[in-house]
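> All chains, full assembly: derive it from the sequences and hints.
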Amino acid sequence: MAKKKNEKKVQLRQETVDSIAAIVAVLAGLIFVLAWFELAGFVGHWIFLGFSFLLGKAYFLMPLTLFLVALTLVLSIKEKILGSSILGGTLLLLSSLGLANIIFGKEAAGFLGYWITRPFLFSFDSLASGIIYFGLFI
1 MAKKKNEKKV QLRQETVDSI AAIVAVLAGL IFVLAWFELA GFVGHWIFLG
51 FSFLLGKAYF LMPLTLFLVA LTLVLSIKEK ILGSSILGGT LLLLSSLGLA
101 NIIFGKEAAG FLGYWITRPF LFSFDSLASG IIYFGLFI
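If you're matching positions, the sequence shown starts at 1 in the numbering used here and goes up one per residue.
Some hints here could point you the wrong way.
Listed below are the simulated DSSO-like cross-link pairs for lysine-lysine, each with C-alpha atoms no more than 30 Å apart in a straight line [said to hold, decoys possible]:
1) K106 to K57
2) K8 to K80
3) K80 to K9
Across the chosen pairs, the derived CB separations fall in these ranges [to be verified]:
4) I20 to L87: 14 to 24 Å
5) L75 to L30: 12 to 22 Å
6) I103 to L30: 25 to 35 Å
7) S19 to G41: 19 to 29 Å
8) L30 to F134: 28 to 38 Å
9) I77 to L27: 21 to 31 Å
10) F53 to E79: 33 to 43 Å
What the hints contain is simulated information worked out from the structure, not anything from laboratory work.
Just so you know, even glycine gets a beta-carbon here, dropped at the ideal spot from N, CA and C.
What follows is the structure, given as structure tokens:
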């Protein structure tokens, strides 16, 4: 079967894509907040259990990061900011978990915080590792 030559692809403007991503980030952040307060139902309960295992007491960083990524996407002046916003949000979350693990211990940053700081704490002492993660945080 031959393809039609007159097919038109729908091309969304970058601002529209960024706005859709911001809405998805806000909605996901709200689900994380509702799950924290046990108001997100059955799925929210499992989301909270899974992410509190991964993030420990730093669970609040997940919705906060999602809200900050959404704010960045909405207030951005640049055309293509989606990829750098996601990368920046991920780096913010991981460096915050690293700092929480170094300063407050394993329970503060959960399983993920423990494993991302383990190589640095093995190679450097806690002060040098804290400086590295603070640099990543900034």
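> Given the proposed pairing of K80 with K9, does the C-alpha separation stay at or below 30 Å?
Holds: K80 and K9 sit about 20 Å apart, inside 30 Å.
> Within 30 Å, alpha carbon to alpha carbon, are K8 and K80?
holds, 23 Å
> Taking 30 Å as the top limit, are the C-alpha atoms of K106 and K57 close enough?
Holds, at about 9 Å.
> Within 19 to 29 Å or not, the Cβ separation of S19 and G41?
With a Cβ separation near 27 Å, S19 and G41 satisfy 19 to 29 Å, so the hint holds.
> Given the hint of 12 to 22 Å, check if L75 and L30 actually sit that far apart at their C-beta atoms.
Cβ of L75 to Cβ of L30: about 19 Å, so the range 12 to 22 Å holds.
> Does the Cβ-Cβ separation between I103 and L30 fall within 25 to 35 Å?
Holds - the Cβ-Cβ distance for I103 and L30, about 29 Å, lies within 25 to 35 Å.
> State, for the Cβ atoms of L30 and F134, whether the hinted interval 28 to 38 Å holds or is violated.
holds, 30 Å
> Given a hint of 33 to 43 Å, does the C-beta separation of F53 and E79 actually sit inside it?
holds, 38 Å
> Look at the Cβ atoms of I20 and L87 and judge whether their distance stays inside 14 to 24 Å.
holds, 18 Å
> Could you check the hint for me, namely that I77 and L27 are 21 to 31 Å apart, CB to CB?
holds, 24 Å
Every hint, counting from the list given before, is met by this structure.
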